[in-house]
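Chains as they are written, first to last, in my numbering: chain W, 1 to 288; chain S, 289 to 580; chain V, 581 to 927.
Simulated pairs of lysine-lysine, DSS-like, Cα-Cα distance not exceeding 27 Å:
#1 K475(S) with K458(S)
#2 K720(V) with K302(S)
#3 K720(V) with K366(S)
Derived from the structure by calculation, the hints contain no laboratory data. Computed from a predicted structure; not experimentally measured.
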Amino acid sequence: MADAKGMDGRSMIRRRAGPRLWLSAGWLSILCLAALFAPWVAPHDPLAQDLFLGRMPPFWMAGAEPGYWLGTDSLGRDVLSRLIHGARVALAVALIAGTITCLVGATLGLLAGFLRGWVDIVISRLIDIWMAFPPVLFSILLIAVLGPGLVSIIIAIVVIDWTRFARVVRAEAMAQGAMDYVSSAQVAGRPRIGIMLREILPNLLPTIGVLLTLEMGIAVIVEAILSFVNLSISTDDPTWGSMIAEGRTAIHQAWWVLVFPLITLFLTVLSFSQLGEGLKDRFDPVLR
Amino acid sequence: MSYLSIRNLSVRLKGGPPLLRRVSLDVGPGEVRGLVGESGAGKSMIGKAVLGILPPSVEVTGGEILLGGTDLLGLPPKDRRRRIGATCALIPQDPLTALNPSHRIEPQITDRLVNILGWTRAAARARARDLLEEVHLPDPERVLRAYPHELSGGMRQRILIASAFAAEPKLIVADEPTTALDVTVQKQILKLIREMQARHGTALVFVTHDLGVVSKVCQHLSVLYAGMVVEDARVADFFAAPRHAYSAALLAATPKYTDPDAGLNPVPDAVIDAVRAEVAAFDAAKARRGAA
Amino acid sequence: MSGRQRTEATDNAVIKVLATRLLTTLVTLAGVAVIVFFVIRVVPGNPIAMMLPPGATEEDIARLSALYGLDKPLVTQFGIWITGVLQGDFGTSITTRQPVLDLVLGRLPATLELAIMALVIAVALGGTAALIGTRFRGGKREGAIDIANGVALSVPDFLWGLVLILLFGVLWPVFHISGRVTPSLDLPFTTDFYLIESLIRLRLDLTADLVAHMFMPALALAIPLAAIIGQLLKQSLKETMNLDYVTLARTKGYGETQVILREALRNAALPTITLVGVQFSFLIGGTVIIERLFSYEGLGNMAIDAVINRDLPLIQGIVLLFALIFTMLNLIVDLLYAVLNPRLRHG
Numbered sequence: 001m002a003d004a005k006g007m008d009g010r011s012m013i014r015r016r017a018g019p020r021l022w023l024s025a026g027w028l029s030i031l032c033l034a035a036l037f038a039p040w041v042a043p044h045d046p047l048a049q050d051l052f053l054g055r056m057p058p059f060w061m062a063g064a065e066p067g068y069w070l071g072t073d074s075l076g077r078d079v080l081s082r083l084i085h086g087a088r089v090a091l092a093v094a095l096i097a098g099t100i101t102c103l104v105g106a107t108l109g110l111l112a113g114f115l116r117g118w119v120d121i122v123i124s125r126l127i128d129i130w131m132a133f134p135p136v137l138f139s140i141l142l143i144a145v146l147g148p149g150l151v152s153i154i155i156a157i158v159v160i161d162w163t164r165f166a167r168v169v170r171a172e173a174m175a176q177g178a179m180d181y182v183s184s185a186q187v188a189g190r191p192r193i194g195i196m197l198r199e200i201l202p203n204l205l206p207t208i209g210v211l212l213t214l215e216m217g218i219a220v221i222v223e224a225i226l227s228f229v230n231l232s233i234s235t236d237d238p239t240w241g242s243m244i245a246e247g248r249t250a251i252h253q254a255w256w257v258l259v260f261p262l263i264t265l266f267l268t269v270l271s272f273s274q275l276g277e278g279l280k281d282r283f284d285p286v287l288r
Numbered sequence: 289m290s291y292l293s294i295r296n297l298s299v300r301l302k303g304g305p306p307l308l309r310r311v312s313l314d315v316g317p318g319e320v321r322g323l324v325g326e327s328g329a330g331k332s333m334i335g336k337a338v339l340g341i342l343p344p345s346v347e348v349t350g351g352e353i354l355l356g357g358t359d360l361l362g363l364p365p366k367d368r369r370r371r372i373g374a375t376c377a378l379i380p381q382d383p384l385t386a387l388n389p390s391h392r393i394e395p396q397i398t399d400r401l402v403n404i405l406g407w408t409r410a411a412a413r414a415r416a417r418d419l420l421e422e423v424h425l426p427d428p429e430r431v432l433r434a435y436p437h438e439l440s441g442g443m444r445q446r447i448l449i450a451s452a453f454a455a456e457p458k459l460i461v462a463d464e465p466t467t468a469l470d471v472t473v474q475k476q477i478l479k480l481i482r483e484m485q486a487r488h489g490t491a492l493v494f495v496t497h498d499l500g501v502v503s504k505v506c507q508h509l510s511v512l513y514a515g516m517v518v519e520d521a522r523v524a525d526f527f528a529a530p531r532h533a534y535s536a537a538l539l540a541a542t543p544k545y546t547d548p549d550a551g552l553n554p555v556p557d558a559v560i561d562a563v564r565a566e567v568a569a570f571d572a573a574k575a576r577r578g579a580a
Numbered sequence: 581m582s583g584r585q586r587t588e589a590t591d592n593a594v595i596k597v598l599a600t601r602l603l604t605t606l607v608t609l610a611g612v613a614v615i616v617f618f619v620i621r622v623v624p625g626n627p628i629a630m631m632l633p634p635g636a637t638e639e640d641i642a643r644l645s646a647l648y649g650l651d652k653p654l655v656t657q658f659g660i661w662i663t664g665v666l667q668g669d670f671g672t673s674i675t676t677r678q679p680v681l682d683l684v685l686g687r688l689p690a691t692l693e694l695a696i697m698a699l700v701i702a703v704a705l706g707g708t709a710a711l712i713g714t715r716f717r718g719g720k721r722e723g724a725i726d727i728a729n730g731v732a733l734s735v736p737d738f739l740w741g742l743v744l745i746l747l748f749g750v751l752w753p754v755f756h757i758s759g760r761v762t763p764s765l766d767l768p769f770t771t772d773f774y775l776i777e778s779l780i781r782l783r784l785d786l787t788a789d790l791v792a793h794m795f796m797p798a799l800a801l802a803i804p805l806a807a808i809i810g811q812l813l814k815q816s817l818k819e820t821m822n823l824d825y826v827t828l829a830r831t832k833g834y835g836e837t838q839v840i841l842r843e844a845l846r847n848a849a850l851p852t853i854t855l856v857g858v859q860f861s862f863l864i865g866g867t868v869i870i871e872r873l874f875s876y877e878g879l880g881n882m883a884i885d886a887v888i889n890r891d892l893p894l895i896q897g898i899v900l901l902f903a904l905i906f907t908m909l910n911l912i913v914d915l916l917y918a919v920l921n922p923r924l925r926h927g
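Isolated chain W, as found in the complex (with noise of 0.2 Å):
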């Protein structure tokens, strides 16, 4: 322990992962009890207008409405019910999305990283032209071709991060690949694939389980960005993205419009890659 880390004592003194990873599964766990319980939690009907009730400020200030906590956007509506009813899109977004993504990224990573060979160059150029596409730019306009709705959303963050996956799995799988456990399975006999999916797979687990939690965090943001340049779910639906666009155009009249969105998203994706790093430090060698 002494010298963890050679002469330099000051670098042994190491950053504690347990806060930080405590913190952020605490407030994923409350939104996805939101989430679920939406209905049940929201004080109010989320599209419910009200003109009468029109920018409402929050409990503490002069002038709020009982009942409306956060207070209201424009059209009446309440804050508060809104944003927990979009935890719904948020979460069902990170999670189908995050999810998909890995999935194809991951194989696609693997097999180019495996097999080598024209699988490799294929797939290698493909991301490189898929990194060539502002990503911004580019889910706009996949959401122009798909339509608005949830699975565009998740079609278009699919279809536009599978790079992330595929070009450290890539990485990886090539690393292990040229390890001497693969090479005496090899000399073995076992076949390919079988070598792939149970010597490397396995070790690469940990790296994309973190690219996982990252990647949650990011479909957050797509879908937020998404709807606030207005091309997501239809604009009735209650969505972070859609809240923000919204108290953007009204930030002078009712800054409450946009800053209990911004905060709520502002610590979910800030939770979503502090999950990831911690883990990270927790589980994983490689990509410390």
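Once you have looked at the hints, place chains S and V on chain W.
Showing chains S and V alone in chain W's frame:
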């Protein structure tokens, strides 16, 4: 009257075991003292403590380092740095890593003169040229303009020696200055250090694990084991009759150049056990004092 | 190895890297062209119908479609477009009826100025963080910098943009949060590089106005990059601080700060520079949403409008230009690395 006087210096790993155990030694003006011991005995640590470059993981727990009568450890950090920069110098172990790869040679010799001692650039440059001639490097002008990677290890060690003598320091610490070099170059560098030391009259602390080198360069030596000075003697006396059992065994273990077939005589286990017992007794005594 | 041989070896390596990278770059650009062309043809909604006033007849639509060549088979359309592109003709915008190249080149300077300003801010912020973190390594200040870096890195530019709008546009309105320049100002510029030209013409009042508009979007783009620079530079600085030549410099009488700046910085900066090159190309991709957020009249903002208006030739032109910038930047970084690398190996 000695120029460097170390009194009961104790150093330990922060929150860990002691690395130096009440080390005392003196180096007079123009005198050469060898520090000998196995790796980990703490010989380099003494040089680092004198020059104020102990690693951050290590702390001084007691004692004095008197340089020209002033206790360095009692000075504020900035004054200590200035004083060391003006009066001391280091000849490092590995010439390949001790020169900054992105600077030319000239500023690496002259920067102390210009930036710390306030010489003019022209004067410092002339001085650097003289020094390079003094260390027998051909074509000093070209060398001054070169980058380190264009020069061989032996040339770089000569440059580091020149740089160490640049400000006419009173004391130089040479930290195993030949260990990283080819055997053929080692002898030349050793000869050069002795020649330069004699000409400039500099006090020299010579850290080495090689008793053969000590016999050629030094007048006094300190033998260290586990951060403790087990023997402090004049070189002539030591090689005639070492007093401590451990240093005697160390001397016996040194291969003889005259008789290469004699084989190695490792330090006997009994001697190691005895010297370890001494260290343990020291620590126990200290613990008693601490408790009392 | 003599100096002469070394240079020749270096040149060969550079030429080889250049040749392979140029080839893959061409493949990449061709791939981007094909994909963007065919993907946007699937976009529902007839762009011609959107241009015409309500009540236009089928014949009107057919006539205008023929004018823009949209009635031909897809492959023929692609052939016409790509032939034009190779001759420098990117077609005509459907909404504005101006040449795409003129439109794109008119907006490119605004985006470049924004991106470069973001880069400057990122280097300044990240560099300062790295230096302070190294100077006080192991202490509370380094811990604080690590935490700040972690947060800055986890949150994307889009959210930083919104945070900045709230902080410096609403709570404490010191900067503009919309547009590139105050519309009422009289602009004497002959090029679209407003910022650079205002500096050259010494119209510092205009420079101040431009900077007040650019600073927020540039900062939003810069924060994540600054964190990356701060982390990597601090890490390599700390490694450098343990090297022998740094220790030697300490014995010469230099203080810690001087040692960092004089001895460590230059050697530690090299790996960071390579990374900054690659990250800068990602930053340019980020301008799309940031320009939208701050209503900044650059290429990205125009791109989103083009998608909304189904202006197919304009979308193609912009995407291709972005891809070109991205691949060229990466090419330059690779070349820089090939040139610097032999020197590093010898050093």
